[in-house]
Structure formats: structure tokens, C-alpha cells
Amino acid sequence: MTYSIVGKSVRRYDLPEKLSGSSKFTSDIQVPDMLHGKILRSPHSHARILSIDTSAAEVLPDVHAVLTPFNSPSGRVAPDLPILGTTVRYIGDEVAAVAADSEHAAEEALAALKVEYEVLPFVTDPREAIKSYAPAIHPEGNLIGGEPMVLSQGSIEEGFAEADIIVEESFTTPAHASAALEPRAAIASWEGDKLTVWKTSRGVHPDKMSLASALQVEPDNVRVIGATMGAGYGNKDETRLAAIVAALAQNAGRPVKIELTREEEFVAGRKRHSTETTIRVGVKNDGTVTAIHATTLMDTGAYLSSGPRVIRRAGQGAIYLYRCANVQYDGYLTYTNQPSAGSYRALGAPQGQFALESTMEKVADALGMDSLEFRKMNHVGLEGQPGERITPADDIIDTQPIEGGIPFSSNGLRQCLDLGSEAIGWATRHERNADQTGTMRRGVGMGMFIYRGGPGTATNAWMTLNEDGTLQVTAGTMDVGEGNSTAIPQMVAQELGVAYEKIRVLFGDSGVTPDAPITSGSTATFSTGQAALNATRELKSKILAAASDQLGVSADDLQIVDGVIGPKTGGASMTLAEVAAKTGQIRTEASLTPGSTDYIVNSFGAHFAEVEVDTVTGNVNVIHYVAAHDSGNIINPQLAINQVEGGVSQMLGFALIEQMITDPGSGATLNGSFLEHKGATIQEFPNIDVIFADVYDPVGPFGMKALGEPPNIGVAPAIINAIYDAIGVRIHDLPATPDKILDALDRKERGE
Amino acid sequence: MKPLQFINPSSIQEASQLVQPEDASAFLISGGTDLLDEIKEGVERPDKLINLIELEAMQGISFTSSGFEIGAGTTLSDIASHPDIVRDYTALLQAAESVATPQIRNVGTLGGNLCQRPRCWYYRSINFDCRKKGGSTCYAQVGENKFHAILGGSDCVIVHPSDMAVALISLNASITLTSASDSRNLAVEDFFTGPDVDITAENVLVPGEIVTSVTIPATTGNTKSIFLKAKERQGMDFASSSVAIAMEVSGGTITSVRVTLGGVAPIPWRAVAAESVLIGKSLTGVDLKEVGEAAVHRAKALEHNGYKVRLTAGLTRRAVDTLLSEWR
Amino acid sequence: MSGFNSNVTLNVNSTSHDIEIDHRWTLLHVLRDELGLTGAKRGCDRGECGACTVLVDGKPVCSCQMLAMQVGSREVTTVESLGDASHLNPIQQAFLDKDGGQCGFCTPGFLLSAKALLNSNPDPSETEIRSGLSGNLCRCNAYGRIIDSVKEAARLQAEA
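Chains as they are written, first to last, in numbering that gives the first Met the number 0: chain A, 0 to 751; chain B, 0 to 327; chain C, 0 to 159.
Please note that the accuracy of each hint is not assured.
[What the hints assert, rightly or not] To give an idea of the chain C side of the interface with chain A (calculated C-beta under 10 angstroms), a few residues: (1) D17; (2) E19; (3) D21; (4) R23; (5) K40; (6) G57; (7) G71; (8) R73; (9) F94; (10) C102; (11) P121; (12) L136; (13) R138; (14) R144; (15) A157; (16) A159.
Since the hints were made in silico from the structure, they are not lab data.
Heads up, the beta-carbon is just placed ideally off N, CA and C, and yes, glycines get one too.
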């Protein structure tokens, strides 16, 4: 199906402002009379705050407010997270805050605070943290829920009993920071009892509710404005910083701004959960998978944040990617006295599916099968998993189901495997890399994946035709830099019949936009997009009805083309401006709980990498990367390619060089800088081919499915499997930094 | 950052007087790319910054018949783009190009690069009162030490971070230190000191002394040099290990060679054993394996940095092999 | 406690600014908070990300790593000098055409590094582009399009 606007790489409307440097990010915003704030952070991994002597700070002439756990509002930002608390749980945890005339003055004020701590025992290793004798980090104990999350279908006991071969492998993945280039920032300003907050935000409505609850004020009195965001990557939710800033502003009687330093952003920003995963697979000699059992231990750090969603998502690959009647996932989520983990693009899927796809290589090897053929034989197909549907017939199907007996709305995974393997030259990989001598060795690897496909929680959108004929789509959704503020107006323009440039976009201001959930789980374009389309359809029928009256032609015979309403067969027409002049402003509103009652909406993909390993230095260079995706119909090809390339390049860091490093003796973060926490630079960026499977999803708006996060899932397995192909060593412990590769080569040469 | 005063001295002598021992909180600043980091981190807390950049006497690259002199205030990008250096002093060019980023090379100076403080994350953090800062513990010895020393470490196991130093030592360079009353010249090799001499410092500068220039002797037509730097990533990074070699070959025989290692010891490390294995050998008579092993023969690994032994041996072999192939 | 202050004249985008500065202020702080030129961003304040890149006498530097007192009479160029949203200069136009920015936070820094690169090397190879821009991080990892944008900018400038 081809469209005139959807499917085209229309220019992002926000790019010219970004190019001229005139976009206002939170840190660029100045509010009259504004003070600068700074936060005091805990030097201890676990401690009680007994007292804070603020007198020396308060007496400084340019200090206007001091906030401590003893004078801050007692509401909570999250169930386990007060605005400021008397227990601190990691080095870097917020202790107190000050507002002063300048940042330098605020630093001085922090230095003048005298805090009395009672130091408590701490634990940083998740394996130790779940033991019964470990120091309790929260009153409920360290293992979240007191027991693992267990998801199962069929019987793995039976499944393993049927197996001819059983393979078991374990893998670890590090904590690494999303490290968006823009550090978190927030500005708060009170007028009477009305609070306005500008912040880096993933969802202004959820932020508003969270702040209202924490500050113990009426939600209607809180307005959250999401400024242009220097990216989120699924992060920058949560409101502790904004709550602190708001409380400071209340104390000071003046607006306050805090911008986190880069080190604070590394330490106190949320990071990807580190994991230890064991995968056990049973297969018959003919290659059929009979059982899969995955166990993941995940470190959520000092506070829960989105931990439960992440541990859930880490199991989805093991449960649903391979067709198998007997599957089980045990997810253990534990607190530790480490910086808190949170949401970061694709949540737990990269961790879980890295372990899964690395293990499947060994399984294929044990069978004597090519691992691509093994995957083609065993991946879940359009019909879904075997079993019986449990979800009632009228209920929307979860995008992370456990039950079988439900088909997918679409499943292009096979296309991804075929097209991707072709593009990387899978069939000839050993031939062309045969007889390698010298210090550089090449190899090819792959990984496939499954992810939620777009339906999220309930959302809203408004469409407005203004009196002057201009159009606006309004939604509470935040564009976190991924482009939903382009893709959604594209769909709206296509549906309505106007040029894309005619749609004005107003997103992300809780004072003037309808409720929407956080932009997360790759749901924004799908869900808010669908709501926007519904609102657009209703607007269109009102426009046609009004035009019908004016033109004396039945609405059914009218069409809108390029903003002109006229009979399909030709004749007198009107412009939108002319319609609006007659009708006045028209606004339509749509609410939506997105999803399908009949199908699982999931996205799929397969990534392939050819790498070159330098066996002298242990460096790994990606020679060629192929990312094949089934995300349904692509709304904006350029935006889609951007998402894939960006995700691949980001996760090269996760696979090869990027990790948070902690001093074992104290629990302190050692590498909270862009120098020491090593992300991919322009020099690492590989040659990436992006392939989209030809799929039009029957459920998604204009046939689309989610694409925001899936690209992050296939990278680690593709790279690590390629390294194995190149030098015969399997890295189990990400990132595959040069020291690990050299140590592994040493062990291999010693025959260990 | 506590209040500080930025002062522009009118001469090196005046600058020197401003950093005499009585005023221990006056620091010299050149490009400032390392010092400003330390001040922002709270590791150093000067009251005064004495600006060297405007001093003409520290600028410029001048060639004579016996070699060339680089003013300590010369930026790394100016060094990396000087046509004579590009043509004849490959190790120096490669070292200068390898430092940090273009932005830092446009501001960072040779003097600053040689005098920069270590990157050890315990040293750089105010949360750890380590021995180098006057405390009583070396946290790296029992902590995260994958980037730390395999050679020459004792009570402190930092590695010296300067790439320029490694190349300069192999090129047999000397350094001029000037104070208000005096000036001395020493081999760059002798400028650096390890923890056994003064654990709180990395070089021999006394208060009031300023690095004003570095002199590199002219190479003969038979000399080639190379600098290789192993890093975790291609983007900005300090060396996990580096090696600079300057080699003179005459009549098919190695007549002189200097091998210096970086990123593996608290000072740039002359690999004398590796040199002795190379000297006098013919171009085809070099046993690369022997050279690599000799380069690391006194190495002692800490818990997490054993890979550096293999890495350094391999990097040395690669450097020698690359140089030799230029003659073959 | 206030710091040491001096009156200096800074030359920014061909305009002279007489201002009183605290000696602790970085050039970045002066540009953003005193002169209202918020194009340069504070990504790390340590010279490790390039988001604060400006040109000083035509050379890219991290303005967070330069004290305002170090600038002297040198000429500072910021992204605001290139072109505004409705009148983009050729480099900005190339970045628009090739979609060389995602969230936009790194973009001003990249534009200036690209400008300096093209001034000294009007037809850079891909290796030279990667190396010339190696001091600018893009966490959205839009590097592929940034490389294409610089190639396009070289082409547009050659045509002009």
C-alpha cells in the first residue's frame, strides 16, 4: 500500500530550530528572579542521617533556601522514594539541597552543611543481597516481592525429560548508563499555590500526578511543561529532582533551577539493570526445542524505579521467541546499595535475549546445525505458541503474553532472517574468512528478537481546526527525541488530506494537553498515533458535514485533497479556512486503550554482524552490520532508519566497551564521566544496512508496529556470536572489552 | 570552586616568583585542560592561577642544525601539523595526534601534557584519600585496577598518562626547566619520577620551576620512529598500553634503538631489555617474540591488569615489525 | 563569598562585549548565562563530550574547558553566527537535508566542528571526517547521518 505522506521521509519540523541553536532545552530556560540549586549527596553506601546542621549555610548572604529530610514535604515520589529521606542507600543518594544566587554560591552552601551519619552495613553484589543475612536495604527485604517472578507454560520437567541434548550457559551484563547528552534539569516556580515546573520529561501528565502527590498539593494546581529534550532513551522519567526543586522554590519564595552535573547524571540518573542470566535449553536430535528455562538475577540498585517492568521484560524472549510448549522464566529482582537502575531503551530485553541467543549458538553447535537454520526451524511463527488462550475473548491481548493459542497480528521474522542473512553473506561467511593468518581475524554472528509491538496504556489526543483554517494535533505525549512529533502529524495529515506542513503540533504540556502516559515501551507513535487518527476521523467527518451544507453535495461524495474540500467528481470546492470561517473552531477528542482482542501485536527482527578482532590489542571492529526489522508499515523511512542506526550504535557500547564500574570496597561509582564510561563515538560507527520486512499490520495505525526499542536487542548477540566465529572464544560477561578478549585468548591457548 | 584569581605575569621570571613555596596555592596554568578538571573535581583547590599562555618565550617551534625546540606553550595541534615534524618525527606526530580530541589538542600544550596528573580514578575522586594525596592507602592495589601499572609500581600503582613523554623519550629529547634565578636542562627521561622518590609527585619540578621548552635532537637520515597506542575504544581514551620506538638502521643493521613504554608504569618506561635484544641485529635477524618478552620481562600483574602483559608484548612486536618493514 | 572580578572585552560573533566576569567563569558560562547565547550546551563540563564546542580564532575548543579570562582578544564564534531557523547557512542546510541531528543537543557543537574541518580541508575523506569530529559525542548515535551531512556540506560549499 502506498500513501502520499505516510511512508515518506518528511522533514522533521523541529530540526531547523535545533540547527540554529535556538531550541530551548530545560537548561536554556531562564525564569525571572531564578535561583540556582545544588544537591548534597551521600558519601556512604548505606547510612541513617541523624542530623543536619544547616546554620552555617543559612547564614551565607546569597543562600535563600536549604532543604533537608527534616523540613521537606513528607509525600513520596514513588512508594520507596521520599522527596528526601533519612536513610541513604547508595553513594550519590540525595541528602539535602540548597538554592542560592549562583551555582558557585550553592556549592559553597553545600560545603557548609554538617551532616551526622550513622553508617550501616552495605551490600553491592546482588548474589549476596538476596541472601537472608544480607543487610536489609528497605524494610520489606531485598528480594522484591520476597520471591522470584515465575512465568511458565507447560512443564519444563517433561520438556527436559524429552530432550536428547541439554545445554546450559550463564551470562552477565553490566549496568550501563543511558547517558543522554543533556543532563537532567528542572525549574520550579510558584505563584501562590500554583506550581509550574519545566523539566526533562518522558510524560508530563504522569509527572504532574507524581509531583502533586509528593508535594501534597492538588494536581490541578501543578503544570508540568516538557521542554525540548536532549534525549531520554527511555530514561528521564521520575520526579525526585523536580520535587526537590519545587520544595526549594517553595522555601525560597523564588523560582529555582537545578541542572545535574555529568557525574550526578551518571550516578543518580537511572541505568540499565545489570543481570546474571542462566539459560537451559533442551532439544531433540532433530533440532526441535522441547524446553527452555531462563533464570535472571537482576540488580535494581537502591530504589525500585521501573524494576518490575524490566525483570518482566527480560523473560519475554525465553518465553516467546522460540516455539516451545514447555517454558519457564524465573526472575529475581533485588535491591543493592548501588545507584538505582531504571528504564533504558528496551528495558530487560537486551539482557535476556543476549543470553538466549548466545546459548542457542551452543545448542545449534551441539546439534551440528547451522545456527541460522536452527532459528528458521524453531522461531515462533504467525500462529503463535502452542497452547490454549486464557485471556477472555473481549479483552485486549497483552503484548507480552505467556499463554499460547493466540496468533500474532503479523510476524515478519522469517523475512528478517532471510533478507538479513542474505545481506551479510551468511552462506559464504566461512568460505570468505577461511585460512586467516596474521593478527586480525574476522567472523560473522547473528541474533534474533521479539518485542512489544506498540499498544500501550490508555491515551488521548485532540484535533483542532482553528477559525483561520490552521490545524493542530494536541497530545500529552512527549517526543523524547525519537520523532513521534513528526510521525504522528504525518499520519494525521495523510488521514485528513492536507499537506504534512499544515499540522501544528502541541505535545507535552500538562496545562494544555490531554492525559497521556509516558513515552515508553515503543508505544507512543502507535498508541497516541491511533488516538490522533481517531480524533482526525471525527474531525474529518465534521468538516465534510459542514462543507456538505455549504456545497450542497452529500458528504459521502466529498473528499479532502491538499486542504481543499470538493466533490470526488469535481466541481465547486472550499478550503479548510473557508469551512472554519463558517463553523468556528472545531475540536475533536479521542480516548483510546490501544491493542487488539484477537492478536498479539509484536515486533520482530534479526541482526547480523561481521567483525574483525585484533588479537594483539583485543579490539573489535565492526566491518559490516545488517539490521533487519519487522515493524510493520514504516511511517517515515528516514526516522525509522535513524532509530535503527541509533539503537545499534548505542548498543555497540553495551556489547563492547560500556559499563558502570564500582569500587568493591566502598560501593562508590568510579567512572561517572564520558571519558571513563565509554560510549561509542563517531569513530566506532559501523557501516549499517537497515532492512525493513514488507509487512502491513492489520491492527497498527497505517499498518505500523513499534520500532523505538527493538533495534537495541539484537546487537549484543550479533557481536558476541561474531567474536566467537572469529576467534573461537565466547564472551559470557559483557562488555567484551579488550582485556577480556586477551584473557580469553590466553586461556584458549593454554587449553583451558 | 572556591574564588580564585587569574593572573597574567609579564615574564617567566615573574611567573616563577608567583609560584614560590610560600604560596603553595598558586598554580601555573597553560592550556588548562587537565588543571581545570582537577579544580572542578575538588582535587586541587588553588587560590591563584598564573597564566603562561601569553608568554612569548614559551611559544613556537624553531629548528636549528642540531635539532628543534618546541616551546612548552605550543599546542598539541600545532605540533601535529608542523610539516617538519610530520615528515621526520613520526613518533611525535603519532603521539600528538593520539591525544584526546581535536578540541583538547587545540588548547592543550606540550608542557601541560608532560605535567598532567594521573588518571587513576581513586586519585581523581575526593572520596578517596589515597597515598598520592597524602593519605595512607592505595585503593587501586585491592580495588579496580585494570588500568594500573604492571611495571615500576610500589606503594602507588598509577600509570603516567602522557603520550608525548613516551615519544619524546624514544626520540632522546631533553627538557628545560626555568625558574626566576636559574634554568636546568635534563633528559626527558630524567624529568619523571616514580612513587619511590616522591609518591605525591610525578616529576622533579620544584616550586618556582616552569617547563619552558623541549628539545629534540636532529635525527639522521637513517632513523625512523613509531608510536602505537592501545585503547579500549577508538574515540578519546588514555593508553591501556603504548610504545614508542626510534630506530637507526645502517648497512642493514640496527645501530641504535630506544624503546619506551607508556600506560604501564608510574613513569614512561624505557624498555632497556628490549633494546638490548634489538641492538646490533640485522633487519632479518630480529626475533619478534624475544623482543616482546623482553619488553615485559619484569612485569608484575595486579588482580585485573594481567592482560597488559600480553598486550604490551604484542604491541611492542607490532611496533618493531612495522618499523622494520619500512626498511625492507 | 564572591570571587575575583575583572572587566574584560570579549569578541563574540564579531561583536564586542564589555562585561564584568568572575575569574572562575568558564567561557561556556559567559556565553550561556551572561550573553544569552544558549546554543553551546553543557553536556559534561569536562571537555569530554564536545556539546559546548565553539570556535576560538577559527579552531574548535570546548568552551567549558576555557576560563573566560583565558580568551583575551581572540575571536569567539558560536552556532548563533551561522544562521537562524529560516535562513540556514550551507552547513546547516546540509545537516537539514541529510537529517544530521536527532534530539539536537549535540548539533551546535557538531556544526562548528564541521565548519572548522571544512575550512582547513574542503574535501575531507570519510576517515578525515570521523577523525575531525571525534571530539563530539552524539548519544542518539546519529553519526552516520552526521557523516553524510558533512559530505553534503562539502559538496554545497564547493558548488557555491
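Results of checking the hints against the structure:
This hint is violated: D17/C has a C-beta 21 angstroms from the nearest C-beta of chain A, more than the 10 angstroms allowed. The restraint placing E19/C at the interface with chain A is violated, with a minimum CB-CB distance near 14 angstroms, outside the 10 angstroms limit. Residue-level restraint check for D21/C holds (minimum Cβ-Cβ distance to chain A is 7 angstroms; threshold 10 angstroms). Look at R23/C: its Cβ gets to within about 6 angstroms of chain A, closer than 10 angstroms, so that hint holds up.
Because the closest C-beta pair between K40/C and chain A is about 7 angstroms apart, less than 10 angstroms, the hint holds. Interface hint status for G57/C: violated, as the beta-carbon distance to the closest one in chain A is roughly 18 angstroms, over 10 angstroms. Nearest Cβ of chain A to the Cβ of G71/C: about 23 angstroms, over the 10 angstroms cut. The hint is violated. Interface restraint check: R73/C against chain A, minimum CB-CB distance 21 angstroms, threshold 10 angstroms, status violated.
For F94/C, the interface hint holds, the least distance from its beta-carbon to any beta-carbon of chain A being 6 angstroms, beneath 10 angstroms. Proximity of C102/C to chain A holds as hinted, the smallest CB-CB distance being about 3 angstroms (cut-off 10 angstroms). For the restraint placing P121/C at the interface with chain A, the shortest Cβ-Cβ distance is roughly 20 angstroms, beyond the 10 angstroms limit, so the hint is violated. Annotation: L136/C was flagged as interfacial toward chain A, and the flag holds, the nearest CB pair being 6 angstroms apart, inside 10 angstroms.
Given the 10 angstroms rule on beta carbons, the hint for R138/C holds: about 5 angstroms separates it from the nearest Cβ of chain A. For R144/C, the interface hint holds, since its Cβ comes within 10 angstroms of a Cβ in chain A; the closest pair sits about 7 angstroms apart. Interface hint at A157/C: violated, since its Cβ lies 20 angstroms from the closest Cβ of chain A, which is beyond the 10 angstroms cut-off. A least Cβ separation of about 18 angstroms between A159/C and chain A goes past the 10 angstroms threshold, and the interface hint is therefore violated.
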